[in-house]
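Once you know that position 10 of the sequence shown is 10 in the numbering used here, the rest is easy, because the numbers rise by one and skip nothing.
What the hints contain is simulated information worked out from the structure, not anything from laboratory work. Even glycine gets a Cβ: it sits at the ideal position worked out from N, Cα and C. It cannot be assumed that every hint is accurate.
[Said to hold, decoys possible] Between beta-carbon pairs, the in silico distance windows are:
1) 229 - 143: 30 to 36 Å
2) 64 - 169: 25 to 31 Å
3) 272 - 228: 38 to 44 Å
4) 322 - 422: 30 to 36 Å
5) 229 - 361: 24 to 30 Å
6) 113 - 322: 21 to 27 Å
7) 70 - 408: 27 to 33 Å
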Amino acid sequence: MMKKYIFLGCALLALNLPGAFAQKNKKGTIAKPAQAAGLLDRALWVKALYKIAYPVVHNLAQGTLKKNMPLEQGANYNLVVTDVTYLEAVGRTAAGIAPWLELPDDNTEEGLLRAKMRKEFQQGLKNAADPANPDYLNFQKQAQPIVDAAYLAHAFLRAPKALWEPLDSITKQRYIQDFKSLRNRNGAYNNWLVFAGLTEGFLRYIGEDYDPARVDFALNKMKEWYAGDSWYKDGDLFSMDYYNSYVIHPMLTDLVRILLEKRPGKMHVTEADYDLVLRRMVRHSEFLERIIAPDGTYPAFGRSVTYRTAAFQVLGQVALMQKLPSYILPAQVRCGLTAVIENMFEGNQNFDANGWLVLGFNGHQPMIADVYTSTGSLYMATLGFLPLGLPADNPFWTGAPADWTSKKAWSGQPVKKDYKVEY
């Protein structure tokens with residue numbers, strides 16, 4: 001099922017793109033060949049993200065998510081699927097599309113598409129909180145909503161102007177009560193602590209009562225579970241998987257950030273604390289950039305590989321924050337991730353006939369689904385698209401095409417030596 005990556009954007013410079021094929025940028029001026037390559041890459045990203053998110057967003061806006069979303073699950077699935085899968089789909093999709101939806105409106109083809117999705121999702125969020133709507137989401141039953149409420153809260157933090165502030169006061173109050181309702185349950189003793197901490201941190205951020213114990217517990221246990229060289233243990237024992245990117249670094253870093261931004265308060269975090277978690281996340285982004293193989297593949301190891309491109313959330317968030325190390329060019333991240341996205345989503349192997357994601361890594365592979373994985377779980381894949389929150393004229397998109405590290409290494413080019421860090 002693997003497609004050969006043809007470098008639609010990132011090879012155009014090498015092809016000496018003639019003026020006849022130049023594209024216009026968002027300001028209406030003719031883009032240079034390197035810029036045109038970046039615009040093509042961006043178009044591929046937008047197409048893929050829209051393709052993934054559309055069934056969730058559109059159906060939620062229409063009140064037909066529960067009616068139309070498949071309930072595929074692995075053979076040993078151990079949750080009550082109808083209680084959890086819909087919130088999974090909504091929260092995870094929201095967290096991935098949020099930075100893109102937060103961009104201002106413009107009259108480009110992309111801008112019009114983005115405005116359409118933003119409007120539908122705003123309506124969908126209202127539907128999801130309305131007890132009278134067919135798509136009213138469950139926060140009150142089962143433990144799993146602890147996870148996906150956090151992804152929804154993360155989306156509100158990533159796109160406050162697009163997703164939180166436009167909500168009417170009744171809908172906001174409903175979400176606030178839904179988030180607070182999670183306090184009567186415990187989750188797993190691992191990365192789930194960060195979920196609970198982030199949701200409470202969001203409540204504090206918007207001026208609501210929050211549970212400081214859940215925030216403190218998350219911060220303190222992650223300090224204890226730090227293993228070194230940017231890797232956190234996921235509980236008492238280390239797990240070799242992508243959970244440092246799926247959850248830990250992005251949520252932990254943003255939790256510390258919002259605690260700092262809402263001083264004064266009782267939370268004992270400092271600028272030094274934020275600097276530390278941020279540096280560790282930046283270091284982790286280096287690993288993720290290096291695991292992209294020359295052909296745009298990456299290893300499918302550990303739990304939850306069905307989350308697909310969510311494996312690169314840390315790399316995308318560091319790029320979005322414009323905090324990449326100086327020796328990692330934004331364009332080489334763009335080109336590496338474009339290769340991954342094309343391999344995953346330019347074909348239809350990861351979608352059913354109605355456009356919903358199917359269980360698998362790169363194809364329909366239900367045998368690798370975990371006991372907690374259903375259709376809604378898969379929308380974590382949107383987390384790999386965070387750099388779309390950078391405008392089209394940002395150097396991430398306009399920089400000349402560049403090889404990523406493994407491509408350099410395997411073609412005999414100079415490569416920066418990698419070495420552990422001590423923080």
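field: C-beta pair residue 113, residue 322: status relative to the range 21 to 27 Å that was hinted
entry: Holds, at about 24 Å.
field: Cβ separation of residue 64 and residue 169, checked against the hinted range 25 to 31 Å
entry: holds, 26 Å
- prompt: Taking 30 to 36 Å as the hint, is the beta-carbon distance of residue 322 and residue 422 inside that range?
  reply: Check failed, 25 Å falls outside 30 to 36 Å.
Hint check for residue 361 and residue 229 - Cβ pair distance inside 24 to 30 Å: holds, 26 Å
Consistency of beta-carbon spacing, residue 408 to residue 70, with hint 27 to 33 Å: violated, 41 Å
- prompt: Can the suggested window of 30 to 36 Å be confirmed for the beta-carbon pair residue 229 and residue 143?
  reply: holds, 32 Å
query: Falls inside 38 to 44 Å, the C-beta gap from residue 272 to residue 228?
result: violated, 18 Å
The structure is inconsistent with the numbered hints 3, 4, 7, although it conforms to all the rest.
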